[in-house]
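**Student:** If you read the sequences in order, they're chains B and C. 54 is the number that the working numbering gives to position 54 of the first sequence; each next residue is one higher, with no gaps. 1141 is the number that the working numbering gives to position 141 of the second sequence; each next residue is one higher, with no gaps.
Each hint should be verified, as a subset may be incorrect.
Under the rule of at most 25 Å between Cα atoms (straight-line distance), these lysine-lysine pairs were calculated in the BS3-like manner [said to hold, decoys possible]:
id, chain 1, residue 1, chain 2, residue 2
1, B, K48, C, K1225
2, B, K48, C, K1156
3, B, K94, C, K1156
4, C, K1117, C, K1100
5, C, K1048, B, K73
6, B, K101, C, K1163
7, B, K14, C, K1225
8, B, K116, C, K1225
9, C, K1048, B, K6
10, C, K1181, B, K14
11, B, K116, C, K1163
12, B, K101, C, K1156
13, B, K14, C, K1144
14, C, K1130, C, K1144
15, C, K1117, C, K1144
Across the chosen pairs, the derived CB separations fall in these ranges [claimed, not checked]:
id, chain 1, residue 1, chain 2, residue 2, range
16, C, K1144, B, S93, 25 to 35 Å
17, B, D97, C, E1075, 38 to 48 Å
18, B, G35, C, E1217, 16 to 26 Å
These aren't lab readings, by the way, just hints derived from the structure by calculation. In this text, a Cβ means the ideal position worked out from N, Cα and C, and glycines have one as well.
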Amino acid sequence: MSEEFKIEIVNPEKSFLVKEDVLEVVVPAFEGEMGILKDHISIISFLKPGIIKVFSKSGDENYYVEDGIIEFKNNNLSILTSAIFSVTDLDKSKQGDLLKKAEAEASKSEISDQAKYLADQKVEVLRSIN
Amino acid sequence: MASLDDLKKRIASVKSTQKITKAMKMVAAAKLRRAQESAERGRPYSEKMNNIILNLSNGISDKENAPKLLSGTGENKVHLCVVITSDRGLCGGFNSNIIKKAKSYFSKILNDGKQLKIITVGSKGNDQLKRVYGDKIIENISFKESKNANYFDADKVGRIIIKKFEAGKFDICTIFYNQFKNVITQIPQAQQIIPLNNEEDHNNSDESYEFEPDEDEILSNLLPKNISTQIFKAMLENSASEQGSRMSAMDNATRNAGEMVDKLTIEYNRSRQAAITKELIEIISGAESL
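All chains should be built: construct the whole structure from the sequences, respecting the hints.
**Tutor:** Here is the structure:
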């Protein structure tokens, strides 16, 4: 029996990634990292800033996301996100830009606790990519 | 009758107009392809978003306390209409079609004795609406600097709408835009986004989901995003429609200019011939009289 399932990552502009031979996906869900294997129960959850790890037969890939929603149903994993970057494509300058933006956001004083938490997360994850 | 010189000038001017419309048509065609592609690529996102929300709202346990963005304020007094148009003209009936649709909706609302508020996106819509509904327009947003419709802009509009909703400024929000069907057909649409209208397709899937965190929290985070997504979709459809509409308008203009040039050339040749004939007759009759 095959252990593969399908993943589809879409952002508002286009279908970012479609893969049929995925073995495991680890997503940074809002309440902690979550690994998804085949025949997982149907689930809807949120993402916080972090790294999506896709393990597939054709190779492993890592993506940095800032937010998103995931839906898993009938062995179809859909990830909707407005900001996603492949970690391998993320060069130093781009990463620096994102980091600067996140740091600026985190240092704002008048933002809500939740927004502050998210911004801090972004900073932490971006720093850890190096 | 116009003199030969005048005719010549007219022909030249129509020809140069034709050149311009032809160039505009080419540009629109090139842009259309890109806009159409991005409109098509953007569809999966909004469809998926809609699906998830549909599944969520089916699964929600406590309908009474559902987020306001989903169920509405329970009142139906103040309508907010977001009219999305283009920033540039010369695109045929594109803007007027949206405005026409919006105006008929406005008068219906006003006849029902409800309050109307308008947000215009794009300067052309603002120009056309401010004459009649100037006092109703509460905001005018324009993205002249942005080359293509992008999510960032849509999110800005979405945030403005949500802020106003949370402040209790309106009960029902409808967006107006042109849906791109093909190059010659664009259908003006009125889509209600607050409260969400899910009545059309109620697929009662028994699929039960696990939620993390719980439904309410997911919904209250997801719904504002959905608003931006819907607006983004509208903007993408709109930009494809705009280019399509401009292309067919400019195609017509080029053809009309061609016809006009033909007509004017015939007229020019006729009057030239007539002048020559007249001169000949004068010479011949002069020679005969000798």
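**Student:** For every hint, state whether the structure bears it out.
**Tutor:** Now for the hints, and whether the structure bears them out:
For the hint pairing K48(B) with K1225(C), the CA-to-CA distance comes to about 15 Å; that is within 25 Å, so the pair holds. As the CA atoms of K48(B) and K1156(C) are separated by approximately 21 Å, the hinted pair is consistent with the 25 Å bound. A C-alpha spacing of about 23 Å is found between K94(B) and K1156(C), which places the hinted pair at or below 25 Å, so the restraint holds. For the given pair, K1117(C) sits about 17 Å from K1100(C) by alpha-carbon distance, which is consistent with the 25 Å threshold.
A distance of roughly 12 Å separates the Cα atoms of K1048(C) and K73(B); the hinted pair therefore holds under the 25 Å criterion. A hinted pair counts as satisfied when its Cα atoms are at most 25 Å apart, and K101(B) with K1163(C) qualifies at roughly 23 Å. Restraint check for K14(B) and K1225(C): the C-alpha separation of about 17 Å stays at or below 25 Å, so the hint holds. A hinted pair counts as satisfied when its Cα atoms are at most 25 Å apart, and K116(B) with K1225(C) qualifies at roughly 19 Å.
The hinted pair formed by K1048(C) and K6(B) meets the criterion: a straight-line CA distance of about 15 Å does not exceed 25 Å. With a C-alpha separation of about 19 Å, the suggested pair K1181(C) and K14(B) falls inside the 25 Å cut-off, and the hint holds. Straight-line distance between C-alpha atoms of K116(B) and K1163(C) comes to about 19 Å, which keeps the hinted pair within the 25 Å bound. Restraint check: the Cα-Cα separation between K101(B) and K1156(C) comes to about 17 Å, which is no more than 25 Å; the hinted pair holds.
A C-alpha spacing of about 23 Å is found between K14(B) and K1144(C), which places the hinted pair at or below 25 Å, so the restraint holds. Only pairs whose Cα atoms come within 25 Å are accepted, and K1130(C) paired with K1144(C) is accepted, the gap being roughly 19 Å. With a CA separation close to 23 Å, the supplied pair K1117(C) and K1144(C) stays within the 25 Å bound. Distance hint check for K1144(C) and S93(B): the Cβ-Cβ separation is about 29 Å, which falls inside the suggested range of 25 to 35 Å.
The hint said 38 to 48 Å for the Cβ distance between D97(B) and E1075(C), and at roughly 45 Å that hint holds. The hinted window of 16 to 26 Å between G35(B) and E1217(C) holds, with their beta carbons roughly 22 Å apart.
The structure is consistent with each of the numbered hints, conforming to all of them.
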